[in-house]
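S.K.: Here is what each chain is made of, one letter per residue.
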Amino acid sequence: DAGVIQSPRHEVTEMGQEVTLRCKPISGHNSLFWYRQTMMRGLELLIYFNNNVPIDDSGMPEDRFSAKMPNASFSTLKIQPSEPRDSAVYFCASSFQGYGNTIYFGEGSWLTVV
Amino acid sequence: AQSVTQLDSQVPVFEEAPVELRCNYSSSVSVYLFWYVQYPNQGLQLLLKYLSGSTLVKGINGFEAEFNKSQTSFHLRKPSVHISDTAEYFCAVSGGGKLSFGAGTTVTVRA
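Chains A and B, in that order, are what the protein sequence lines are. For the first sequence, position 65 (counting from the first letter as 1) is numbered 298 according to the numbering used here, and the numbering increases by one without interruption. For the second sequence, position 35 (counting from the first letter as 1) is numbered 48 according to the numbering used here, and the numbering increases by one without interruption.
Only chain A is shown next, with the shape it has when bound in the complex (with noise of 0.2 Å):
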């Protein structure tokens, strides 16, 4: 099994620009996350889709968060307009019917804002 796939895994992008991190989930999984993690903060749940619907997204700091899972194996996170406050590592995960299975985790995508 490929794991979690998470792209890219390391961007440095200027104040206001638009950044998009891409995730594929493990085949046959049904629940995605996306959390960040910080020095300060520590893991953070941003968003949890189950069957590609978002169900808790209360994490989402901001409206220049948004996240998207057109289909089952493929999920986005974009920042419009970044801020570097934003930097932080951004992991995507995956499990078999939400929190009782193991929940996988991705590489991460590790996000500096200039």
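No wet-lab data here; the hints were simulated from the structure. The beta carbon of each residue, even a glycine, is placed where N, CA and C say it ideally should be. Hints are supplied without guarantee of correctness; some may be wrong.
Stated by the list, open to error - Some, not all, of what chain B presents toward chain A, calculated at C-beta under 10 Å:
#, residue
1, P25
2, V26
3, F27
4, F47
5, Y49
6, Q51
7, Q55
8, Q58
9, L59
10, K62
11, G66
12, S97
13, F114
14, G115
15, A116
16, G117
We have chain A already, so just place chain B on it with the hints.
M.R.: For chain B alone, kept in the frame of chain A given last:
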């Protein structure tokens, strides 16, 4: 709502010594409990999980954890650590449709 408190932010330990990482949770509903490990510059990997049944759970790499409902704890242990166990460890609790992570415990194993 549920939450997790990891009682130690940093745990230095010598190689081949035992280690215990403490985790307390709070929840008003039945919970699932997890321990994840994050090696430097990598994503999180599941070490073990408690869903139901036996309160002593064995995981990968020689780790085990004990669920204690009366003390609302889920402490992680390993009897003898290796240099390769140097990593950050996260306790997590799920319930009511959410998964909450603790702040993490950094374990540094020294020779």
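S.K.: Look at each hint and say if it fits the structure.
M.R.: Structure-based check of all given hints:
A cut of 10 Å between beta carbons decides the hint on B:P25: the least distance to chain A is about 19 Å, and the hint is violated. A hinted interface residue such as B:V26 counts as satisfied when its beta carbon comes closer than 10 Å to some beta carbon of chain A; here the least separation is about 22 Å, so the hint is violated. With a cut of 10 Å, the hint placing B:F27 at the interface with chain A is violated, because the nearest CB-to-CB distance is about 27 Å. Checking B:F47 against chain A by beta carbon gives a least distance of about 8 Å; that is within 10 Å, so the hint holds.
The criterion of a C-beta within 10 Å of any C-beta in chain A is met by B:Y49, whose closest approach is roughly 8 Å, and the hint holds. Of the supplied interface hints, the one on B:Q51 holds, with its beta-carbon coming within about 9 Å of a beta-carbon of chain A, less than 10 Å. For B:Q55, the suggested interface contact is upheld, since its CB lies about 6 Å from the closest CB of chain A, less than 10 Å. With a cut of 10 Å, the hint placing B:Q58 at the interface with chain A holds, because the nearest CB-to-CB distance is about 7 Å.
The criterion of a C-beta within 10 Å of any C-beta in chain A is met by B:L59, whose closest approach is roughly 5 Å, and the hint holds. Hint status for B:K62 relative to chain A: holds, with the closest Cβ pair at about 7 Å, below 10 Å. At its closest, the beta carbon of B:G66 sits 13 Å from a beta carbon of chain A; the interface hint therefore is violated under the 10 Å criterion. Because the beta carbon of B:S97 sits about 18 Å from the nearest beta carbon in chain A, more than 10 Å, this interface hint is broken.
Restraint check, B:F114 versus chain A: the minimum CB separation of about 4 Å is within 10 Å; hint holds. Contact between B:G115 and chain A, as hinted, is supported at the beta carbon level, the nearest pair being about 8 Å apart and thus within 10 Å. Hint status for B:A116: holds, given a least beta-carbon distance of 5 Å to chain A, under 10 Å. The beta carbon of B:G117 is positioned within 10 Å of a beta carbon in chain A (closest approach about 6 Å), and the interface hint is therefore held.
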